[in-house]
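Protein chains: 2
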Amino acid sequence: MAFDITKELLENVSELISNQKDTALSELFLDVHHADIAEVLDDLSFDEAVYIIRLLDSETTAEVLLDVDDEVREKIFEQLTAKEIASEIDELDTDDAADVIAELPEERKQEVMQEIDDEEHAKEIVELLRYDENSAGGLMAKELVKVNENWTVLRCVKEMRAQAEEVTRVHSIYVIDDGGKLKGRLSLKDLLMASTRSKIADVYIPNVDFVNVNDAAEDVANVMRKYDLEAIPVVDELGVLVGRITIDDIVEVIKEEADKDYQLAAGITQDVEADDSILVLTKARLPWLFLGLVGGLSAASIMGLFEGAMAKNAVLFMFTPLIAAMAGNVGVQSSAIIVQGLANDGIKGSILKRLLKEISLAMVNGFFLAIFLFIFIWITKENIKLAFAISVSLFSVIIIAGLIGTSIPLFLNKRGIDPAIATGPFITTSNDIFGILIYFSIAKLIIGF
Amino acid sequence: MAFDITKELLENVSELISNQKDTALSELFLDVHHADIAEVLDDLSFDEAVYIIRLLDSETTAEVLLDVDDEVREKIFEQLTAKEIASEIDELDTDDAADVIAELPEERKQEVMQEIDDEEHAKEIVELLRYDENSAGGLMAKELVKVNENWTVLRCVKEMRAQAEEVTRVHSIYVIDDGGKLKGRLSLKDLLMASTRSKIADVYIPNVDFVNVNDAAEDVANVMRKYDLEAIPVVDELGVLVGRITIDDIVEVIKEEADKDYQLAAGITQDVEADDSILVLTKARLPWLFLGLVGGLSAASIMGLFEGAMAKNAVLFMFTPLIAAMAGNVGVQSSAIIVQGLANDGIKGSILKRLLKEISLAMVNGFFLAIFLFIFIWITKENIKLAFAISVSLFSVIIIAGLIGTSIPLFLNKRGIDPAIATGPFITTSNDIFGILIYFSIAKLIIGF
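Protein chains in written order, with the UniProt record's numbering: chain A, 1 to 449; chain B, 1 to 449.
Everything labelled a hint here was simulated from the structure, so no lab data went into it. Note that the coordinates shown come from a computational prediction; the quantities given were computed from them, not determined experimentally. Some clues are possibly wrong.
The list treats identical chains as one, so a pair stands whether inside a single copy or across any two.
Stated by the list, open to error - Below 30 angstroms or equal to it, Euclidean Cα-Cα: the simulated DSSO-like pairs (lysine-lysine) are:
id, residue 1, residue 2
1, 353, 283
2, 7, 353
3, 283, 357
4, 226, 353
5, 414, 158
6, 385, 158
7, 260, 158
8, 123, 183
9, 21, 75
10, 255, 109
11, 312, 7
12, 226, 83
13, 146, 312
14, 109, 226
15, 260, 109
Using the sequences and the hints given, assemble the complete structure.
Structure representation (structure tokens):
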């Protein structure tokens with residue numbers, strides 16, 4: 001953690017690269033954590049980054065390549081040969097290796113796979129590539145420590161030592177039967193404390209949580225969070241142990257899911273960061289702004305229908321931004337609570353009950369806001385009928401906006417569509433339009449124009 | 001995972017409770033995970049929940065109480081005696097125990113602390129209570145396995161076995177010197193593979209990541225994510241090892257932080273859930289809606305200033321919801337990207353550069369949208385001057401909105417205020433007002449009214 005990425009450091013690295021001072025560079029990065037080296041690479045030019053990757057040994061650079069920005073990794077891989085990429089892949093755990101391979105262009109993929117020396121490793125990667133990246137199969141690694149229920153503790157420790165060489169972190173030792181089916185688990189602690197002569201069948205814990213290979217990544221995250229697990233075994237349709245998922249991958253799933261929901265709520269599609277290029281950022285933002293523009297045009301044409309009322313009731317038109325804003329705000333609030341509840345698996349009870357609750361809530365909020373608005377307009381405009389019309393409209397708009405905000409994400413979720421898209425400009429725009437339509441309709445009913 | 005919480009199950013539990021069928025209840029919950037029992041308790045009445053807590057042994061119920069909703073836990077504790085609470089606390093790890101104690105009313109806290117049997121445990125809890133709950137000290141537990149660098153591996157394994165009894169999950173073995181200062185770590189795997197006669201000083205890894213007891217929880221989360229750690233030791237100002245933080249606590253920090261940012265962006269303060277009471281939800285939502293209302297009233301009075309233009313330029317007033325919506329959308333987009341970047345520690349470079357980038361981005365987006373709007377109005381209204389005025393205004397509004405959206409969170413962050421409050425109704429409301437002011441001012445300049 002003492003490694004600070006400063007401007008001086010970056011300049012120093014660039015200079016060493018241009019002077020080809022390889023020994024000095026190797027020394028500089030000696031014992032530096034791969035996540036820190038990755039940050040340095042993100043800030044260098046692509047050519048410089050490639051230079052460093054070629055210089056350092058692949059045990060280090062394989063991990064570095066996992067940590068650099070996607071864009072940087074893509075560019076670096078473009079400049080490396082298939083053989084060079086394969087030697088990086090060789091150093092990675094199967095889950096990371098599969099993720100990296102999956103990013104390569106189709107043709108490149110095959111070239112690289114053929115260059116991988118370790119055939120077993122290559123076979124496992126191919127297996128992992130078959131799974132959807134948002135499923136348990138897409139998250140799991142093949143590296144795990146498993147023992148047969150018929151072994152003794154002594155044999156188990158021996159076999160484990162061999163297996164553990166391959167596994168970075170041993171969380172649990174999984175126990176299988178002769179058919180490879182998951183039977184239970186053993187903790188390292190238990191093993192450390194058991195007598196060497198005991199049989200595994202007598203000491204293992206048969207009560208083990210697991211997920212199925214086709215379970216959604218989000219569901220795996222929810223299970224691991226709920227039961228506070230640091231690793232979970234993955235079984236196939238026959239109950240055969242096929243991999244394990246560790247908590248660090250789940251942390252990324254949770255983080256990405258939350259970031260994505262947040263961005264969608266803000267009207268930003270795609271996974272973008274503040275440092276992305278203007279083109280990438282425009283692609284993520286312009287479509288939503290365009291949706292807002294179309295919504296605004298619709299609102300304008302609705303107002304056009306009521307243009308006749310303008311001469312006599314100019315004030316009515318002054319309040320359209322207020323109505324639109326309130327409709328949007330209420331819609332976003334209601335939808336956000338539902339979306340978050342759905343993501344956290346916390347929506348219980350029937351849809352009808354949910355809508356009734358939202359109506360009550362909207363009525364409480366709407367009542368206070370409408371009363372305030374009524375008094376304000378009455379005093380400032382000295383027109384009680386107008387004040388009444390506008391505040392009744394506001395009250396109705398708030399209730400309808402709450403209902404729309406609640407029902408759209410629930411509807412999308414039922415249809416298997418990510419409800420998070422309903423929390424952003426989508427809901428504000430539709431609520432703007434509905435809000436203004438309801439507002440003028442009710443005002444017309446009351447004032448009569 | 002085979003445990004499903006159905007309506008039938010809940011009815012069955014309620015019936016068993018009212019008939020006081022204790023044996024049947026105990027059997028029902030035998031081997032059920034505490035997280036599942038907690039979910040059942042969340043759905044029962046408080047009296048029923050208290051009944052279950054009193055029935056089951058405290059080894060189970062202590063964990064159950066950690067997992068139930070805060071509200072339920074509070075109610076249950078109100079009905080338990082100080083002695084009963086203390087026996088639950090006795091079963092918990094120090095970090096969880098401190099969290100639970102911290103929630104109790106001041107007077108109750110002391111009563112409970114005095115009833116705790118294990119003096120060492122009580123002392124450790126008191127120490128943890130001193131730290132801010134959003135700091136490393138507030139997250140850490142005192143339970144950890146530490147060995148002296150001067151011991152042999154044999155002595156180490158012996159001492160460890162004793163210590164490990166107290167520790168649920170052994171991630172790393174921390175190595176300290178005679179003064180208690182953190183020197184490095186040993187992995188269980190290394191220990192498993194080392195010769196029993198080696199000295200710890202010769203086998204431990206001196207390169208260990210750690211955090212300081214006063215570091216912010218969010219920073220700890222970022223370090224653990226970046227370096228992919230499952231546990232991290234915590235040291236005090238003198239470098240003395242005082243605790244350790246595990247990844248499961250960090251998962252909650254990340255989740256809570258993301259949920260909070262998302263709720264703030266949607267105009268919801270406080271940590272609320274879809275199932276909270278209407279009063280709680282109103283408290284979280286009404287203030288932001290009121291802010292929106294005041295914003296709308298300001299927009300209305302700004303429009304009032306330009307009322308004279310209404311007779312001749314009615315169309316101008318039809319486009320105010322569009323302008324307000326665009327200003328809001330752009331503001332939310334810009335601020336969300338900055339807030340997310342700040343949370344992920346991904347905002348590099350100077351503020352000036354950041355603002356220049358946002359201006360370029362807004363110009364690109366604004367250009368396309370303004371051109372579209374210009375053509376649309378020109379064709380539908382057959383008034384080129386009006387089309388020009390409205391689209392130039394839109395272009396300017398988008399740029400200003402982007403600047404406000406970028407600079408407010410950066411400013412708040414510099415001031416030590418959570419920038420996430422700038423992404424919700426706060427930014428839409430202020431952008432509505434500025435947007436409409438700019439819109440009418442520019443339109444006036446061009447059309448001249």
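We went through each hint and held it up to the structure:
1. 353 x 283: Between copies only: 21 angstroms across, 39 angstroms inside.
2. 7 x 353: between (58 angstroms within a copy, 16 angstroms between copies)
3. 283 x 357: For residue 283 and residue 357, the Cα distance is within 30 angstroms only across copies (15 angstroms; inside one copy 38 angstroms).
4. 226 x 353: within (26 angstroms within a copy, 43 angstroms between copies)
5. 414 x 158: neither (51 angstroms within a copy, 56 angstroms between copies)
6. 385 x 158: neither (88 angstroms within a copy, 85 angstroms between copies)
7. 260 x 158: Neither, since 45 angstroms and 48 angstroms both go past 30 angstroms.
8. 123 x 183: within (25 angstroms within a copy, 42 angstroms between copies)
9. 21 x 75: This pair counts as within: shortest intra-copy Cα distance 23 angstroms, inter-copy 68 angstroms.
10. 255 x 109: within (28 angstroms within a copy, 35 angstroms between copies)
11. 312 x 7: neither (65 angstroms within a copy, 59 angstroms between copies)
12. 226 x 83: between (43 angstroms within a copy, 29 angstroms between copies)
13. 146 x 312: neither (82 angstroms within a copy, 82 angstroms between copies)
14. 109 x 226: Between copies only: 28 angstroms across chains, 37 angstroms inside a chain, cut-off 30 angstroms.
15. 260 x 109: within (28 angstroms within a copy, 41 angstroms between copies)
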